[in-house]
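Protein chains in written order, with this note's numbering: chain A, 13 to 422; chain B, 2 to 62.
These are calculated hints, taken from the structure and not from any lab test. All C-beta atoms, glycine included, are put in the ideal place defined by N, C-alpha and C. Fair warning: there could be bad hints in the mix.
Said to hold, decoys possible - One-sided and incomplete, this derived list gives chain B residues near chain A with beta-carbon spacing under 10 Å: (1) MET2; (2) GLU5; (3) GLU19; (4) ASN21; (5) LEU28; (6) LEU32; (7) CYS42; (8) ASN48; (9) ILE49.
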Amino acid sequence: MTPVTLWELNNIIKDVIENNLDDTYWVMGELAEARQASNGHFYGELIQKDESGRNVIARARVNCWAQQYNLIRLRFLHETGQEIRAGLKVLLEVQVTFHEQYGYALKITDVDSSYTMGDLARRRKEILAKLEEEGILHDNQTLPMHRLTWRIAIVSAETAAGYGDFCDQLLHNEYDLRFRIQLFPATMQGQHVEESVSTALCQIANEEEKWDAVVIIRGGGAVADMSDFDSYQLASIVAQFPLPVIVGIGHERDETVLDYVAHQRVKTPTAAAAFLIDHQLEELSLLNHLQQRVSQSASNLLKNEQNRLEMLKEQIPLLFRTVSQRIGYRLDLLQQRLRQNVERRIQNESHRLNLITSQMESLNPDRLLKLGYSITTHEGKLVRNPNQLHPGDHITTRTEHGEIKSIVEA
Amino acid sequence: MKYEEAMAELEKISIQMENNELGIDQLAEKLNQAKELIKFCRAQLVNIEQEIQKILSDEEK
Numbered sequence: 013m014t015p016v017t018l019w020e021l022n023n024i025i026k027d028v029i030e031n032n033l034d035d036t037y038w039v040m041g042e043l044a045e046a047r048q049a050s051n052g053h054f055y056g057e058l059i060q061k062d063e064s065g066r067n068v069i070a071r072a073r074v075n076c077w078a079q080q081y082n083l084i085r086l087r088f089l090h091e092t093g094q095e096i097r098a099g100l101k102v103l104l105e106v107q108v109t110f111h112e113q114y115g116y117a118l119k120i121t122d123v124d125s126s127y128t129m130g131d132l133a134r135r136r137k138e139i140l141a142k143l144e145e146e147g148i149l150h151d152n153q154t155l156p157m158h159r160l161t162w163r164i165a166i167v168s169a170e171t172a173a174g175y176g177d178f179c180d181q182l183l184h185n186e187y188d189l190r191f192r193i194q195l196f197p198a199t200m201q202g203q204h205v206e207e208s209v210s211t212a213l214c215q216i217a218n219e220e221e222k223w224d225a226v227v228i229i230r231g232g233g234a235v236a237d238m239s240d241f242d243s244y245q246l247a248s249i250v251a252q253f254p255l256p257v258i259v260g261i262g263h264e265r266d267e268t269v270l271d272y273v274a275h276q277r278v279k280t281p282t283a284a285a286a287f288l289i290d291h292q293l294e295e296l297s298l299l300n301h302l303q304q305r306v307s308q309s310a311s312n313l314l315k316n317e318q319n320r321l322e323m324l325k326e327q328i329p330l331l332f333r334t335v336s337q338r339i340g341y342r343l344d345l346l347q348q349r350l351r352q353n354v355e356r357r358i359q360n361e362s363h364r365l366n367l368i369t370s371q372m373e374s375l376n377p378d379r380l381l382k383l384g385y386s387i388t389t390h391e392g393k394l395v396r397n398p399n400q401l402h403p404g405d406h407i408t409t410r411t412e413h414g415e416i417k418s419i420v421e422a
Numbered sequence: 002m003k004y005e006e007a008m009a010e011l012e013k014i015s016i017q018m019e020n021n022e023l024g025i026d027q028l029a030e031k032l033n034q035a036k037e038l039i040k041f042c043r044a045q046l047v048n049i050e051q052e053i054q055k056i057l058s059d060e061e062k
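Based on the provided sequences and hints, a complete structural model is requested.
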């Protein structure tokens, strides 16, 4: 057999592959490597693991040219909220290629994002199920928020636009609500998210008494990769965190496990600020309401007292009049009775007087003299019996019209 | 004193007042107490300094 050159052999293989295989295949696998080169081309490695998930049983290089890759990447990002990256399970439409120089490779022509979505959802579900089993899934959600929540620890990237928005909105709120904030910087994108955010959270937990709540925020803007936050470790820390955790990691469509365990989930950093402001505003309006109630009831109380005084003031003359009327009435009555008494007494007396007068009248000697009787006296004494007298006594006899002087003979 | 305690005390006073549980002679004292509590709570919620500065800058305009 005549030896062939390597180039000839590779060309034979290339011919076999190109002539005997279908144009494209849909192949399932996990991306073990994925990177976009500076020229925009995509290079990666697709693997399949055995059931234990530990051993790789198949491996193939994958690639995609810049123009095609940009289309695929944007659609995948839009549909899944994910970058095409290592660790993802993917369903790829590929063309099997063989290059004389670079060998066997799969050229990506399309991606089915629903497969990846399904896998991510399953992973999220597994994490949540585990947390549920451990009984900590709702721990942070049921943690009460302090009525006064103003000391806010922030986990974010220092340079993130979302962080700036958050601070601006929170610190320059129109109600002048007081907040104190401190940034605990963390990487919010890429493979270090889990470790970096965990570290920041642990720092905050160490000085728990200095804070009222924790906010985990990340800049919005471009659709970003969420799955870095789908971490069991992170979710477990957040679930068991001693302070309420508010998560606003800037996504519209997809949710991460953090959203399920956090005390409050919001879509954007700005919304996180609004949530905190609302919470304090509620307290402020409660305080205003209480103030109003107190001053209202105080003025009511005063008004009532004043009314009472006013009423008493009005009642006093009235009462006085009633009393004086009653006294006057009694006086009148007394007077009347007094008068009646006096009149009766006077009548009685005059009656008696009349009687006495008429009695006296009947005894008047003049009256008897007029009737023809006469009265004889001896030395000023009435002569009632002739025995009183002796012969020779001088006696005086009084008649109606004069006296007669006589001398007793016998 | 903690904010939550102050708010609870304030609530108590307002209820006492509304239920007419306070005599007129206690009113002044309780009213003063309420005023202090409100001042305290407000200072916890609102940035008094900023507010004052805002008022001052409003006056300058």
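Hinted contact MET2(B) with chain A - closest CB pair below 10 Å = violated, 12 Å
Should the hint that ASN48(B) touches chain A count as held when the rule is a Cβ pair under 10 Å?
-> holds, 4 Å
Would you settle whether the hint for GLU5(B) is holds or violated, based on the nearest Cβ-Cβ distance to chain A being less than 10 Å?
-> Status holds, d = 5 Å.
When the least beta-carbon distance from CYS42(B) to chain A is tested against 10 Å, hint result = holds, 5 Å
Mind checking the CB of ASN21(B) against every CB in chain A and telling me if the closest is under 10 Å?
-> Result: holds, 7 Å to nearest chain A Cβ.
Go through the hint on LEU28(B) and say holds or violated, using the shortest Cβ distance to chain A against 10 Å.
-> Since chain A brings a Cβ to about 6 Å from LEU28(B), closer than 10 Å, the hint holds.
Supplied contact hint for GLU19(B), tested at 10 Å Cβ to chain A | Check passed: Cβ of GLU19(B) comes within 5 Å of chain A, closer than 10 Å.
Hint check: is the beta carbon of ILE49(B) less than 10 Å from a beta carbon of chain A?
-> The hint holds - ILE49(B) has a Cβ within 10 Å of chain A, the shortest such distance being about 8 Å.
When the least beta-carbon distance from LEU32(B) to chain A is tested against 10 Å, hint result = Since chain A brings a Cβ to about 5 Å from LEU32(B), closer than 10 Å, the hint holds.
This entry does not satisfy hint 1, going by the numbered hints stated previously; all others are met.
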